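Residue numbers (the numbering used here), protein chains in the order written: chain Z, 9 to 275; chain A, 9 to 275.
The hints are simulated quantities; they were obtained by calculation from the structure and are not laboratory data. Treat the numbers as computed from the prediction; the structure is a model and nothing was measured. A portion of the hints provided could be inaccurate.
Same chains, same label: a pair holds when it works inside one copy or across any pair of copies.
In silico lysine to aspartate or glutamate, EDC-like type, Cα no more than 20 Å apart, as pairs [unchecked claim]:
1. 164 with 137
2. 141 with 165
3. 164 with 31
4. 13 with 212
5. 164 with 246
6. 13 with 137
7. 164 with 150
8. 253 with 185
9. 253 with 118
10. 66 with 221
11. 164 with 247
12. 164 with 185
13. 251 with 185
14. 74 with 31
15. 141 with 31
16. 74 with 34
17. 48 with 31
18. 13 with 207
19. 119 with 266
20. 119 with 211
21. 80 with 34
22. 74 with 150
23. 121 with 246
24. 13 with 31
Protein chains: 2
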Amino acid sequence: MACLKGVNAVMLDISGVLKDTADGADVAIPGSVNAVNRLKEAGIPIRFCTNETTTTRKNLVDRLQKLGFSIKEEEVFSPAPAVCQVLRQRGLRPHLLVHPASEADFDAVDKNKPNCVVIGDAAENFSYENMNKAFQTLIAMDNPVLISMGKGKYYKDSNSLILDVGAYMKALEYACDIEADVVGKPSASFFLAVLQDMERVPEETLMVGDDIESDVGGAQRCGIRAALVRTGKYRSSDENHPKVKPDIIVNDLSQLVDELLAAGGKL
Amino acid sequence: MACLKGVNAVMLDISGVLKDTADGADVAIPGSVNAVNRLKEAGIPIRFCTNETTTTRKNLVDRLQKLGFSIKEEEVFSPAPAVCQVLRQRGLRPHLLVHPASEADFDAVDKNKPNCVVIGDAAENFSYENMNKAFQTLIAMDNPVLISMGKGKYYKDSNSLILDVGAYMKALEYACDIEADVVGKPSASFFLAVLQDMERVPEETLMVGDDIESDVGGAQRCGIRAALVRTGKYRSSDENHPKVKPDIIVNDLSQLVDELLAAGGKL
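This is chain Z alone, in the form it adopts within the complex (with noise of 0.2 Å):
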């Protein structure tokens, strides 16, 4: 396909084009492990773009080894690193609404006093208390600062939609009349430290994911080329977003690098 010409450089988000949940367990979408080792057969460089945030990274990369994927932790980029790196730029303390299984990497940040609210997608954690805290810290600032990892709507958690960090992250800033600065996908400066680790330009880039606005269009503001996925929680509404167009829409990753390699990605 003409729309893919030129690609040489793959960033693949993980859930809904890797892997889906069910009962609580990871499982991998078919097609999905060999699409990734094609890729790596390939020669085509990949870095996997997540704003995942409820585990480590570490662990993130250990279940997804367990399922069969050929990843390593260095190909893996996820908000809660780069959210510390801002910390520590900008000279902030953290007050954290997180996933309790993320925290640990937060575990060398120093979280006394806090001058921020980091927010990520707590899950069970999304507590009235816990809301309640976040706000009363935020709300107590001369000018509150609200760090959020990511700001998806929502994802697919077994057969169920489930509220994501945006949907939290909304609520804070309405309740303080602030705006977050975004950690992850969407963000300009997610995908171009992506990029710069891959030392590859947006046009000669494909991103590749389940989420219309945070992968596709995100990406594509970058002028990365991006592809929507039909798996996790594609919707067929997102077809018809008021806004953004993928430049190619597939059923599957494996479609997807089927098309990629036909189209003369490199061999």
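Add chain A to chain Z, keeping to what the hints say.
Just chain A now, with coordinates in the frame of chain Z:
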């Protein structure tokens, strides 16, 4: 004061103007019981305009009467009765995300096979599970309908500021890409219904509240003058709100009544 000239009808917010909450119990704000009496003795009609949805209207009136307020149920305008009217008019069957103590206001409403979501200040009921249920109900609809009882950002409970329904409304709006229908303050239809009931026009009416946006901003958009009190959730930054300028700012309701009667309010 000139800004109060010609006022001969008053709308009073309840929480933060008449009473505060301390350690879970209602406490009359000093001078407010007497202030209501003085208005009534001067022959000035009053309506109590509240976004309170953590109790039924009847229970709210009982509690205020126990604090010594001269108040009758028919003088109180709150969102739940207005919502029930909207549901009837539009043939809507709600999934409720409301405070358990306010559910009785919806006893007469058909709630089978919901085709809309009604959200109020659900307090502890704003759990992760309940927010996801409301979201899943909405996202499964072709044209999701969300009705919100008010859109307050926060309120004061004992000595803490607590997230109000507006924050959770924004979370659902964002996740579903929709705009809620707001019933209650600051919606114009709510203020206009109160004027109609008082048989008054906007320019002879004054709204008194502690919420710079819902009370003051909402009333002013209807041509109703509005006073901000420095009680309840008032914060000094409200006096420099970027968009809303109260017609008058007073320390409390008692001072407002002093000024109003001095300006020649009905005697």
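To test your reading of the hints: which numbers does this structure violate? Failing hints, ascending: 6, 9, 10, 17, 19, 20, 22, 23 and 24.
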